[in-house]
Amino acid sequence: MNILVCIKQVPESNKVEVDPVTGVIKRDGAASKMNPYDLYALETAFRIQEKMGGVVDVISMGPPQAQEVIREAFAMGADHGILVSDRSFGGADVLATSYTLSQGIKSSGNYDLILCGKQTIDGDTAQVGAEIAEWLQIPSVNNVLEIKEVHDDSITISMDLPQEVEVAKISLPCLLSVDQDIFMPRLPSYVKKKATKDREIKVLSLKDMEDTDASHYGLNGSPTQVQRIFPPTSSKEKEMWDGSSAVLADQLFHKIEELKFV
Amino acid sequence: MPNWTYHTIDENDVLNLRALIGEEQRMLWKEQISEDYSHDELGGTSSWPELVIKPVSANEVSAVMKYAYEHSIPVTARGSGTGLVGSCVPMEHGIILDLSLMNNILELDEENLTLTVEPGVLLMDLTAFVEDHDLFYPPDPGEKSATIGGNISTNAGGMRAVKYGVTRDFVRGLEVVLPNGDIVEFGGKVVKNSSGYDLKDLIIGSEGTLGIVTKAILKLLPLPKKTISLLIPFPSLEKAIQTVPKIIKSKAIPTAIEFMQKEVIEDAEEYLGKAFPDHQSEAYLLLKFDGNSQDEIERAYAKVADLCLEEGALDVLISDTAERDESIWKARGAFLEAIKGSTTYMDEVDMVVPRSYVNDMVEYLHSIQREVGLRIKSFGHAGDGNLHAYMLKDNLSDEEWEKRLNKAMDLIYAKARELNGQVSGEHGIGYAKKMYLKESLAKDNIDLMNGIKQVFDAKNILNPHKIAQL
Numbered sequence: 001m002n003i004l005v006c007i008k009q010v011p012e013s014n015k016v017e018v019d020p021v022t023g024v025i026k027r028d029g030a031a032s033k034m035n036p037y038d039l040y041a042l043e044t045a046f047r048i049q050e051k052m053g054g055v056v057d058v059i060s061m062g063p064p065q066a067q068e069v070i071r072e073a074f075a076m077g078a079d080h081g082i083l084v085s086d087r088s089f090g091g092a093d094v095l096a097t098s099y100t101l102s103q104g105i106k107s108s109g110n111y112d113l114i115l116c117g118k119q120t121i122d123g124d125t126a127q128v129g130a131e132i133a134e135w136l137q138i139p140s141v142n143n144v145l146e147i148k149e150v151h152d153d154s155i156t157i158s159m160d161l162p163q164e165v166e167v168a169k170i171s172l173p174c175l176l177s178v179d180q181d182i183f184m185p186r187l188p189s190y191v192k193k194k195a196t197k198d199r200e201i202k203v204l205s206l207k208d209m210e211d212t213d214a215s216h217y218g219l220n221g222s223p224t225q226v227q228r229i230f231p232p233t234s235s236k237e238k239e240m241w242d243g244s245s246a247v248l249a250d251q252l253f254h255k256i257e258e259l260k261f262v
Numbered sequence: 001m002p003n004w005t006y007h008t009i010d011e012n013d014v015l016n017l018r019a020l021i022g023e024e025q026r027m028l029w030k031e032q033i034s035e036d037y038s039h040d041e042l043g044g045t046s047s048w049p050e051l052v053i054k055p056v057s058a059n060e061v062s063a064v065m066k067y068a069y070e071h072s073i074p075v076t077a078r079g080s081g082t083g084l085v086g087s088c089v090p091m092e093h094g095i096i097l098d099l100s101l102m103n104n105i106l107e108l109d110e111e112n113l114t115l116t117v118e119p120g121v122l123l124m125d126l127t128a129f130v131e132d133h134d135l136f137y138p139p140d141p142g143e144k145s146a147t148i149g150g151n152i153s154t155n156a157g158g159m160r161a162v163k164y165g166v167t168r169d170f171v172r173g174l175e176v177v178l179p180n181g182d183i184v185e186f187g188g189k190v191v192k193n194s195s196g197y198d199l200k201d202l203i204i205g206s207e208g209t210l211g212i213v214t215k216a217i218l219k220l221l222p223l224p225k226k227t228i229s230l231l232i233p234f235p236s237l238e239k240a241i242q243t244v245p246k247i248i249k250s251k252a253i254p255t256a257i258e259f260m261q262k263e264v265i266e267d268a269e270e271y272l273g274k275a276f277p278d279h280q281s282e283a284y285l286l287l288k289f290d291g292n293s294q295d296e297i298e299r300a301y302a303k304v305a306d307l308c309l310e311e312g313a314l315d316v317l318i319s320d321t322a323e324r325d326e327s328i329w330k331a332r333g334a335f336l337e338a339i340k341g342s343t344t345y346m347d348e349v350d351m352v353v354p355r356s357y358v359n360d361m362v363e364y365l366h367s368i369q370r371e372v373g374l375r376i377k378s379f380g381h382a383g384d385g386n387l388h389a390y391m392l393k394d395n396l397s398d399e400e401w402e403k404r405l406n407k408a409m410d411l412i413y414a415k416a417r418e419l420n421g422q423v424s425g426e427h428g429i430g431y432a433k434k435m436y437l438k439e440s441l442a443k444d445n446i447d448l449m450n451g452i453k454q455v456f457d458a459k460n461i462l463n464p465h466k467i468a469q470l
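As you go down the protein sequences, you meet chains A and B in turn. For the first sequence, the UniProt record's numbering assigns the number 1 to the initial residue and increments by one for each residue that follows. For the second sequence, the UniProt record's numbering assigns the number 1 to the initial residue and increments by one for each residue that follows.
If you're looking for bench data, these hints aren't it; they were derived computationally from the structure. Watch out, some of these pointers could steer you wrong.
[As the list claims (entries may be wrong)] Simulated restraints on C-beta separations:
(1) G243(A) <-> G165(B): 27 to 35 Å
(2) G243(A) <-> V191(B): 52 to 60 Å
(3) V190(B) <-> I229(A): 46 to 54 Å
(4) A275(B) <-> K51(A): 38 to 46 Å
[Claimed, not checked] Away from chain B, derived, C-beta distances all over 10 Å, residues of chain A:
(5) E12
(6) N142
(7) L145
(8) Y190
(9) K193
(10) S205
(11) F230
(12) K255
[Unchecked claim] Residues from chain A that keep clear of chain B, each with C-beta distances beyond 10 Å, as calculated:
(13) D124
(14) N143
(15) T156
(16) T196
(17) D198
(18) E200
(19) H216
(20) S245
(21) F253
(22) H254
Quick reminder that beta carbons are idealized off the backbone N, C-alpha and C, glycines included.
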């Protein structure tokens with residue numbers, strides 16, 4: 001079974017600086033790491049590979065330095081790496097990002113299973129996975145809690161829905177976005193890191209895509225724009241109330257109403 | 001040793017002390033005293049106080065001490081009660097001074113790189129505070145809910161001792177209330193000090209027997225910008241431990257070198273309900289490196305990683321993010337609690353041997369399990385020679401447990417002496433380990449310790465029956 005895992009390079013710290021003018025996250029100079037949720041997708045891929053054989057490849061989209069997370073995936077055991085990178089891909093929103101990745105995937109080969117983390121810790125939309133599946137016209141499931149069975153033509157999983165956990169059997173090829181803690185991710189190996197330090201990473205640019213129309217990519221291909229990013233305000237003020245549960249419930253309700261939560 | 005006589009606290013004393021303290025709720029008498037105050041975390045030593053007082057200032061501590069001194073009432077200081085040798089257990093009853101309300105961080109002096117704190121500040125709050133200011137307090141004992149006062153009183157060590165040293169190395173000055181109630185200062189913000197005997201160093205590690213620390217000036221370092229840990233699986237514990245002296249000899253300086261075994265890791269997984277990131281082997285070394293950039297640390301660890309592989313390590317796994325560190329170090333931090341949870345009762349030894357003998361000691365611990373008929377689990381600071389071994393009671397009867405435990409303790413401490421080790425690396429002597437201290441030190445050493453105690457505390461009201469008082 002051939003598996004492709006989508007991974008992203010994100011800032012190492014959650015104290016992210018935002019450019020006050022453009023509203024774009026400042027990435028220059030900041031230390032970076034692999035999106036922590038993607039580690040769960042990668043580990044899921046290795047566990048399936050251990051049972052079913054085949055390859056685990058990774059794909060990332062980003063500037064040339066995003067090769068670092070592909071190298072990290074090699075050190076964890078990934079077989080091949082693809083970086084989708086072109087100046088014209090910059091400034092992409094969710095739609096343009098998922099389109100670009102789907103084009104990259106189409107140019108990279110046939111995969112039985114595509115795995116994503118539940119979301120990234122910088123963009124936090126949790127939409128790119130499902131949208132890639134739409135562009136590729138394959139089924140997808142989000143919030144996958146558990147891989148129950150894997151066969152050559154199908155995979156059975158359980159997914160976390162708001163009210164219940166649903167078990168579903170999905171025909172392959174498909175895309176799964178896995179939840180945190182599905183498996184504890186393995187650590188990168190120094191031995192594998194040394195062994196793969198010269199392994200080639202395939203870089204795909206606009207000219208390598210099936211669709212080479214630049215207006216479908218990057219800022220031009222993005223129907224949505226970020227107006228402003230700002231850290232949520234937080235307050236450490238505390239109020240202590242005493243009283244019977246009926247009085248307290250009443251008081252709590254009025255407080256919530258006053259704060260316009262209801 | 002003279003027979004000390006103490007006054008039993010009566011209603012009159014309670015009234016008088018209440019007048020000194022003011023707030024009634026900061027004094028507990030008789031049935032108001034919770035069972036917690038009769039023991040520490042390990043619970044092997046037990047004795048109830050007659051009165052618990054929670055002071056909020058050095059002046060209150062001083063007033064209580066003056067009263068206790070005049071009336072010959074024994075006084076025992078207590079922080080979070082996370083000790084393991086009964087140091088905070090009031091053997092002669094009397095007063096417990098619970099210092100946990102004196103938990104203010106008083107001053108961060110960024111020009112002198114010092115932090116002044118009250119003794120009740122918790123280690124976890126202290127480290128979080130200084131790290132918010134890009135500063136670093138290196139001592140790192142596993143128990144983060146201990147108070148800094150408790151850490152000072154046992155000269156706590158922890159996991160960064162290989163590179164940075166122990167609590168003693170980071171205390172610049174102390175404010176101490178003496179048994180007669182006098183408030184004195186030892187040391188200060190100065191970096192160097194050759195002004196007579198270092199009384200501050202006598203207080204550190206004295207387990208509340210010489211004076212009560214009411215303020216501490218701690219030395220800080222700039223916070224290293226980056227840390228990377230290496231989790232190194234070995235085919236056997238022996239192979240793992242044998243590599244430690246070679247790492248030290250290689251002159252690379254990790255901040256920590258810990259060893260851990262599969263069994264203890266599995267206990268921690270169960271205790272935390274969270275999987276450990278690797279399961280491939282029986283034994284691991286865990287190393288930590290710090291520095292100011294990824295490249296700098298990678299250069300430093302590459303040599304050690306290659307050395308471990310030459311010595312037979314199965315792999316070298318890299319933990320370079322907060323998430324990965326948590327998956328490893330959280331398990332490491334939970335070992336004590338996890339082992340405790342895996343049995344009915346346990347006791348521990350905390351001996352320290354020269355680093356070159358760590359291997360002999362670990363192998364010895366392993367080998368005597370059958371002979372004494374106890375499960376013995378160990379983990380610890382392989383890099384500084386401080387080993388923690390836990391004897392587990394499991395389903396033994398109390399009588400059988402006592403018998404086997406004593407035999408195990410005798411054997412282990414005898415082995416530690418043979419290897420030129422010491423009774424305690426970081427937990428202290430308290431009440432539980434004083435027999436072994438007596439056996440391991442020359443009579444002159446014990447006499448000097450008791451002589452010092454006599455000079456500080458002629459009436460022997462501060463934490464009697466501890467350390468060298470046999």
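So, going through the hints one by one against the coordinates:
At roughly 53 Å, the beta carbons of G243(A) and G165(B) sit outside the given window of 27 to 35 Å. Separation of G243(A) from V191(B) is about 56 Å and conforms to the stated range, judged on CB atoms against 52 to 60 Å. Here the CB-CB span from V190(B) to I229(A) is close to 48 Å, well matched to the stated 46 to 54 Å. In this structure the supplied range 38 to 46 Å is violated for A275(B) paired with K51(A), their Cβ-Cβ distance being about 18 Å.
For E12(A), the condition that its CB be more than 10 Å from all CB atoms of chain B is violated, with the nearest at approximately 7 Å. No beta-carbon of chain B comes within 10 Å of the beta-carbon of N142(A); the shortest separation is about 21 Å. Look at L145(A): its CB is around 15 Å from the nearest CB on chain B, clear of 10 Å, so calling it non-interface holds up. The non-interface label for Y190(A) is inconsistent with chain B: the shortest C-beta to C-beta separation is roughly 4 Å, within 10 Å.
Against chain B, the non-interface label of K193(A) is violated: not every CB pair exceeds 10 Å, the least being about 7 Å. S205(A), annotated as away from the interface, keeps every beta carbon of chain B farther than 10 Å; the closest lies near 28 Å. Every CB of chain B lies more than 10 Å from the CB of F230(A), the least distance being 22 Å, so the non-interface label holds. Annotated as non-interface, K255(A) keeps its C-beta farther than 10 Å from every C-beta of chain B; the closest such distance is 29 Å.
No beta-carbon of chain B is positioned within 10 Å of the beta-carbon of D124(A); the least distance is around 16 Å. Every C-beta of chain B lies more than 10 Å from that of N143(A), the closest at about 20 Å, which supports listing it as non-interface. Interface exclusion of T156(A) from chain B stands, the closest Cβ pair being 22 Å apart, more than 10 Å. Against chain B, the non-interface label of T196(A) holds: every CB pair exceeds 10 Å, the least being about 13 Å.
Here D198(A) stays apart from chain B, with its beta-carbon at least about 16 Å from theirs, past the 10 Å limit. In this structure E200(A) is separated from chain B by more than 10 Å, as the shortest Cβ-Cβ distance comes to about 22 Å. Separation of H216(A) from chain B is adequate, the least Cβ-Cβ distance of about 34 Å exceeding the 10 Å criterion. Every Cβ of chain B is farther than 10 Å from the Cβ of S245(A); the closest lies at roughly 26 Å, confirming the non-interface assignment.
Here F253(A) stays apart from chain B, with its beta-carbon at least about 33 Å from theirs, past the 10 Å limit. H254(A), annotated as away from the interface, keeps every beta carbon of chain B farther than 10 Å; the closest lies near 32 Å.
The earlier numbered hints that this structure contradicts are 1, 4, 5, 8 and 9.
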